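Student: Sequence:
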Amino acid sequence: MSRKPPAHDVDESQLVVGKPKEWAAGIPGVAVSLKRSVEQMGVGRTVRSLKLLNQHNGVDCPGCAWPEAQGHRKLAEFCENGAKAIAEEATRRRVDREFFARHGIAELAGKTDYWLGQQGRLTEPMVLRRGETHYSPISWDGAFALIAEKLNALASPDEAIFYTSGRTSNEAAFLYQLFCRSYGTNNLPDCSNMCHESSGAALKETIGIGKGSVSLADVESADLLVVVGQNPGTNHPRMLSSLEVAKKRGAKIVAVNPLPEAGLLRFKNPQNVSGLVGRGTALADEFCQIRLGGDLAFFQAIGHLMLAAEDAAPGTVLDRSFIDERTHGFDAYAEHVRDLDWDAVDAATGLPREQIAKVSRMMIESERTIICWAMGLTQHKHSVPSIREIVNVLLLRGMIGKPGAGACPVRGHSNVQGDRTMGIWEKMPEEFMSALEKEFSISVPRKHGYDTVDSLRAMRDGRASVFFAMGGNFVSATPDTELTERALSSCALTVNVSTKLNRSHVVPGEISLILPTLGRTERDIQQDGEQFVSVEDSMSVVHSSRGRNAPASEHLLSEVAIVARMARKVLGDAHVVRWEDFESDYDRIRDRIERVIPGFANYNERIRDKDGFVLPHPPRDSREFRTTTGKANFSANTFEAPHIPEGRLLLQTVRSHDQFNTTIYGLDDRYRGVKDARRVVFVNPDDLAVLGIADGAVVDLVSEWAGDADRTAERFRVVAYPTAKRCAAAYFPEANALVPLDSTAKISNTPTSKSIVIRLVPRNDD
1 MSRKPPAHDV
11 DESQLVVGKP
21 KEWAAGIPGV
31 AVSLKRSVEQ
41 MGVGRTVRSL
51 KLLNQHNGVD
61 CPGCAWPEAQ
71 GHRKLAEFCE
81 NGAKAIAEEA
91 TRRRVDREFF
101 ARHGIAELAG
111 KTDYWLGQQG
121 RLTEPMVLRR
131 GETHYSPISW
141 DGAFALIAEK
151 LNALASPDEA
161 IFYTSGRTSN
171 EAAFLYQLFC
181 RSYGTNNLPD
191 CSNMCHESSG
201 AALKETIGIG
211 KGSVSLADVE
221 SADLLVVVGQ
231 NPGTNHPRML
241 SSLEVAKKRG
251 AKIVAVNPLP
261 EAGLLRFKNP
271 QNVSGLVGRG
281 TALADEFCQI
291 RLGGDLAFFQ
301 AIGHLMLAAE
311 DAAPGTVLDR
321 SFIDERTHGF
331 DAYAEHVRDL
341 DWDAVDAATG
351 LPREQIAKVS
361 RMMIESERTI
371 ICWAMGLTQH
381 KHSVPSIREI
391 VNVLLLRGMI
401 GKPGAGACPV
411 RGHSNVQGDR
421 TMGIWEKMPE
431 EFMSALEKEF
441 SISVPRKHGY
451 DTVDSLRAMR
461 DGRASVFFAM
471 GGNFVSATPD
481 TELTERALSS
491 CALTVNVSTK
501 LNRSHVVPGE
511 ISLILPTLGR
521 TERDIQQDGE
531 QFVSVEDSMS
541 VVHSSRGRNA
551 PASEHLLSEV
561 AIVARMARKV
571 LGDAHVVRWE
581 DFESDYDRIR
591 DRIERVIPGF
601 ANYNERIRDK
611 DGFVLPHPPR
621 DSREFRTTTG
631 KANFSANTFE
641 APHIPEGRLL
651 LQTVRSHDQF
661 NTTIYGLDDR
671 YRGVKDARRV
681 VFVNPDDLAV
691 LGIADGAVVD
701 LVSEWAGDAD
711 RTAERFRVVA
721 YPTAKRCAAA
731 YFPEANALVP
741 LDSTAKISNT
751 PTSKSIVIRL
761 VPRNDD
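For the sequence shown, the residue numbers in full-length UniProt numbering are 1 to 766.
Simulated from the structure, these hints should not be mistaken for lab results.
Don't take each hint at face value.
In the DSS-like style, the derived pairs of lysine-lysine whose C-alpha atoms are separated by at most 30 Å in a straight line are [as the list claims (entries may be wrong)]:
(1) 252 to 675
(2) 358 to 381
(3) 358 to 247
(4) 438 to 19
(5) 35 to 204
(6) 252 to 402
(7) 248 to 204
(8) 438 to 427
(9) 381 to 427
(10) 19 to 35
(11) 381 to 725
(12) 725 to 675
(13) 252 to 19
(14) 675 to 35
(15) 358 to 402
(16) 427 to 204
(17) 248 to 402
(18) 248 to 447
(19) 19 to 248
(20) 204 to 569
(21) 675 to 427
(22) 204 to 19
(23) 438 to 252
(24) 427 to 447
(25) 725 to 204
Computed spacing ranges between beta-carbons, pair by pair [to be verified]:
(26) 587 to 109: 38 to 44 Å
(27) 71 to 762: 55 to 61 Å
(28) 492 to 204: 32 to 38 Å
(29) 595 to 574: 45 to 51 Å
(30) 285 to 339: 44 to 50 Å
Here the structure is a predicted model, which means the values were calculated and not measured.
Each residue gets a CB set at the ideal place from its N, CA and C atoms; glycine is no exception.
Could you build all of it, start to finish, from the sequences and the hints given here?
Tutor: The structure is reproduced here in structure tokens:
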């Protein structure tokens, strides 16, 4: 299968590559933020929008889920990419009916993700029927009638897929899952399936809850922070401010990553004079340039060395009282990890043994250790065991439920954690289902639904024919792009609730609907007055978000209104749930959430506190572990690492600095020195020499996966870059075409986007 690049609005052959940056933010971050904001919003709207971003009673950033400080907040409580996200949403550009009349579906399908996203805000519902060449307007009533007709004609509710983006609010997410289960299915895939599902699976098994165990105050008071498989300078820039606070308080920071990331080397905080005109703050005390997929080996080696240190000086390393009283499985773990194959560790990690030993000593000497990770850990076949090994190492020193210590999976979307709390999951536990039934007097199906990968299989195989997406860009977020597009195209109906045009809109089913919705920055006026929504950040803090801008169009509906009206049309006016009441006043939704989900007592009162409230987390709050054993579980994990055949590389997909998830803000990756290009592949110079490929050559990337046809992504320019040897990197979504649908993580079923075996095939036409 070959994936050709879409037509581009710039000539990527003119790619300019400079030296990678050794620091992040500073004056360039401020300048780019202001430039992009003014270009999209104008001066007045820029000032109005940014001054409310992440402020009390303001707008929660629609970008990442890094938490805001409790109490006092800075005047500019946002990062460069947060400013870009607001500029994209609050843009003055519009995609209206005249736009669709000018641009047919064939033309739009040939455009890049960047071009599509730059056209502006959607303004009214649109429909495209098979055989038609252009989207055309449709009324809201007409759109809901069409959805009801298709859903009610299915032989089974399980033939419908209901996808959710992590930017959906708590209120919309709760109502959405209530509708889906009232309709009769648990087919509720979401973006978590493709990012932190491995984290949730590992943490639920080991500590009893699939969420991180630390607060922002913990991060800033830690002695040691180990940042693994994560690029905070681009993906969670405000995290750098917290790392800087910890560093100035004396913390040590270890970065574990195949790529040297500018934000972890040095941070020039634009909030401080020293960050603007000085050298800033050096962050990482140790950079472990690990090979892709070597993290399980790394943490097994750390555990092995910690046990050896305890054996040499009994009672000085391990927290024996914590282990004996609060954990299960230590003896089996210790026996397993003591029998370590160091040659295998060398091959898997590519790290000097002396460096691993140094990190082990740092962990032994630290009284408060936090380990942070992101998708560099979660998107491998052995991701769940790798994260279990992180928990093992933390448990050895009693680093769960202790101030300044714990596990910190850093999530990307602004409310992806909240959506899961609200019930957006294909296999919610029985307690949730029973509470939902009791509260609403409905019958809730218990059969597990499809996650994202299984949804694609179901559409591909004809077992599902209606696809509904509440936000997001499903085509560009998912693996195996050609297969994904075929699967969606085979559907009888595809529906996308969106603020802006994206790739999913140009891969229509037999009938395709685009339903435009309010953005988070916009006022939400309903029958009972102005409404606000709530979100949950990466550290279990629930807080409000209130838009202040005028809506981009008078024809927009909120996500809550879209779900409520669709539910009434599909389920009928006689349905036991009074959906119209929820649409008119979101407090009524929060009242029902309070009675279904533990931790939300007095929701409407507490959400109006300027800092919101923190959800319960038993391991963090009281060292209570609600696992099958009633304790925190050590685990003995089989040694695993990717195998890289001779003449091949292991590829990971990454973001550029000019994007957030699938949203492309621009074509520059300032920190990696790339300008005006996205179809690039970063390869170590030594590997290029071995392969006989020149820096700057144009190649096709061909992925190899056992038992399946090769997949090809055409025309990538090679960039010599100091990544770990035998490892390579390319941007998604351009490289998603190389990820086989059936190559997934064990247990979590997450696509293995960080461990793709590829070969570089030089092109002869350049």
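Student: Each hint: holds or not?
Tutor: Hints, one by one, checked against the model:
Of the pairs offered as hints, the one joining residue 252 and residue 675 is violated, with about 33 Å between alpha carbons and a cut-off of 30 Å exceeded. At most 30 Å may separate the alpha-carbon atoms for a hinted pair to count; residue 358 and residue 381 meet this at roughly 28 Å. A distance of roughly 19 Å separates the Cα atoms of residue 358 and residue 247; the hinted pair therefore holds under the 30 Å criterion. Only pairs whose Cα atoms come within 30 Å are accepted, and residue 438 paired with residue 19 is rejected, the gap being roughly 61 Å.
The hinted pair formed by residue 35 and residue 204 fails the criterion: a straight-line CA distance of about 43 Å is larger than 30 Å. A threshold of 30 Å between alpha carbons decides the hint, and for residue 252 with residue 402 the separation of about 18 Å falls inside it, so the pair holds. In summary, the hint linking residue 248 to residue 204 is not supported, as the alpha carbons are separated by about 33 Å, beyond the 30 Å threshold. Proposed proximity of residue 438 and residue 427 is supported: the alpha carbons are some 18 Å apart, at most 30 Å.
Only pairs whose Cα atoms come within 30 Å are accepted, and residue 381 paired with residue 427 is accepted, the gap being roughly 21 Å. Distance hint between residue 19 and residue 35 is fulfilled; the C-alpha atoms sit about 23 Å from each other, no more than 30 Å. For the proposed pair residue 381 and residue 725, the alpha carbon gap of about 20 Å is at most 30 Å, so the pair holds. Under the criterion of a C-alpha separation no larger than 30 Å, the hint pairing residue 725 with residue 675 is consistent with the structure, at around 24 Å.
For the hint linking residue 252 to residue 19, the alpha-carbon distance of about 27 Å falls within 30 Å, and the restraint holds. Between residue 675 and residue 35 the alpha-carbon distance is near 16 Å, which keeps this suggested pair within the 30 Å criterion. Using a Cα cut-off of 30 Å, the hinted pair residue 358 and residue 402 holds, with the two alpha carbons roughly 24 Å apart. Restraint check: the Cα-Cα separation between residue 427 and residue 204 comes to about 14 Å, which is no more than 30 Å; the hinted pair holds.
The suggested pairing of residue 248 with residue 402 holds, with an alpha-carbon distance near 21 Å, which does not exceed 30 Å. Distance check on the hinted pair: residue 248 and residue 447 sit about 51 Å apart at the alpha-carbon level, beyond 30 Å; violated. This hinted pair checks out: residue 19 and residue 248 have alpha carbons roughly 28 Å apart, not beyond 30 Å. Between residue 204 and residue 569, the direct Cα distance comes to roughly 38 Å. Violation of the 30 Å bound is thereby established for this hinted pair.
The straight-line distance between the Cα atoms of residue 675 and residue 427 is roughly 43 Å, outside the 30 Å bound, and the hint therefore fails. For the hint linking residue 204 to residue 19, the alpha-carbon distance of about 42 Å lies beyond 30 Å, and the restraint is violated. Simply put, residue 438 and residue 252 have alpha-carbon atoms about 50 Å apart, too far for the 30 Å limit, and the pair is violated. With a C-alpha separation of about 8 Å, the suggested pair residue 427 and residue 447 falls inside the 30 Å cut-off, and the hint holds.
Restraint check: the Cα-Cα separation between residue 725 and residue 204 comes to about 34 Å, which exceeds 30 Å; the hinted pair is violated. For the hinted restraint 38 to 44 Å between residue 587 and residue 109, the CB-CB distance of approximately 43 Å keeps it satisfied. Taking the beta carbon of each, residue 71 and residue 762 are about 57 Å apart, inside 55 to 61 Å as hinted. Between residue 492 and residue 204, the C-beta spacing of about 36 Å keeps the proposed range 32 to 38 Å intact.
Separation of residue 595 from residue 574 is about 23 Å and departs from the stated range, judged on CB atoms against 45 to 51 Å. Between residue 285 and residue 339 the beta carbons are some 31 Å apart, a value that contradicts the proposed interval 44 to 50 Å.
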